[in-house]
Structures are given as structure tokens and as C-alpha cells.
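S.K.: Sequence:
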Amino acid sequence: MPDTVPVMIEVEPAAAAALGDDTRRAWVGRVVSRMLQPASVDRLFTVMDEISAEARRRGLTDEILEAELEAYNAERRDRLPAA
Numbered sequence: 000m001p002d003t004v005p006v007m008i009e010v011e012p013a014a015a016a017a018l019g020d021d022t023r024r025a026w027v028g029r030v031v032s033r034m035l036q037p038a039s040v041d042r043l044f045t046v047m048d049e050i051s052a053e054a055r056r057r058g059l060t061d062e063i064l065e066a067e068l069e070a071y072n073a074e075r076r077d078r079l080p081a082a
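Quick note: the sequence shown uses numbering that gives the first Met the number 0, first residue 0, plus one each step.
Simulated from the structure, these hints should not be mistaken for lab results. Bear in mind the structure is a predicted one, so any value in this text is a computation, not a measurement. Virtual Cβ for every residue (Gly too), placed ideally from N, Cα, C. Check before you lean on any hint, since a few could be wrong.
Distance windows between CB atoms, simulated [as the list claims (entries may be wrong)]:
id, residue 1, residue 2, range
1, 75, 14, 50 to 60 Å
2, 19, 79, 25 to 35 Å
3, 16, 71, 43 to 53 Å
4, 65, 3, 42 to 52 Å
5, 22, 75, 36 to 46 Å
6, 72, 49, 20 to 30 Å
7, 3, 61, 44 to 54 Å
8, 61, 16, 53 to 63 Å
9, 40, 69, 37 to 47 Å
10, 21, 41, 30 to 40 Å
11, 68, 32, 32 to 42 Å
Throw the hints in and build the complete structure from the sequences for me.
M.R.: Below you can see the structure in the form of C-alpha cells.
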């Protein structure tokens, strides 16, 4: 991992044993680093825009999306218990 530093944290004995494996320890380090980074709303919007562009490239139109949402909502209404 680039730009990393070792840190010492207390964990349960079983977790310590699992972290004895170099590959697992590196994976856990990446997970912890990502968990502690502030969430980027801009990154989320970028990913959503990329997904939208790909869907449109593959032929998704507003009309298709509206029809799918309408069918989904109708199906959910049919599943709801009677009040």
C-alpha cells in the first residue's frame, strides 16, 4: 500500500491470529483506511453519472425507466398487506 504507516491497535486474540497473515493484514489495512476517510459526495455523484451514461449508451431511455419504475411500484402495492 502506498503511503502507509504502521499503527498498533488492540484486538481480540482470534483477530490477532488472523492478522498474522500478510495478505489478510494488508486487506484489513485497506478496509480500515477507507472506513476512516470522509465520504466524498462528489465521488458518489461522479459514479452515479458514470452509471447513468453507461445505461443510456446501452439504450436506457427516460420512457423505459419510467415504465420500469411504474411496474415496480405497482408490484409493491400488490404485495402490501391490506390496511
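S.K.: Between the beta carbons of residue 72 and residue 49, is the distance compatible with 20 to 30 Å?
M.R.: 26 Å, holds
S.K.: May I ask you to test the hint 32 to 42 Å on the CB atoms belonging to residue 68 and residue 32?
M.R.: Because 37 Å falls inside the window, the suggested range holds.
S.K.: I want to verify a distance hint. Is the separation of the beta carbons of residue 40 and residue 69 within 37 to 47 Å?
M.R.: The hinted range 37 to 47 Å is violated for residue 40 and residue 69, with Cβ atoms some 29 Å apart.
S.K.: That 25 to 35 Å hint for residue 19 and residue 79 (C-beta), does it hold up?
M.R.: Given a distance of about 51 Å, which is not inside 25 to 35 Å, the answer is violated.
S.K.: Cβ-Cβ distance between residue 65 and residue 3: within 42 to 52 Å?
M.R.: 47 Å, holds
S.K.: Could you say whether the range 43 to 53 Å given as a hint is met by the Cβ separation of residue 16 and residue 71?
M.R.: At 46 Å between Cβs, range holds.
S.K.: 30 to 40 Å was suggested as the range; check whether the CB atoms of residue 21 and residue 41 agree with it.
M.R.: About 34 Å separates the Cβ atoms of residue 21 and residue 41, which means 30 to 40 Å holds.
S.K.: Given the range 44 to 54 Å, decide if the beta-carbon distance of residue 3 to residue 61 lies inside it.
M.R.: Given range 44 to 54 Å: holds, Cβ gap about 45 Å.
S.K.: Holds or violated: 53 to 63 Å for the Cβ distance of residue 61 and residue 16?
M.R.: 54 Å, holds
S.K.: Is the hinted range of 36 to 46 Å satisfied by the C-beta distance from residue 22 to residue 75?
M.R.: 43 Å, holds
S.K.: Could you check the hint for me, namely that residue 75 and residue 14 are 50 to 60 Å apart, CB to CB?
M.R.: For residue 75 and residue 14 the Cβ distance comes to about 41 Å; the hint is violated.
When each numbered hint is compared with the structure, violations occur for hints 1, 2, 9.
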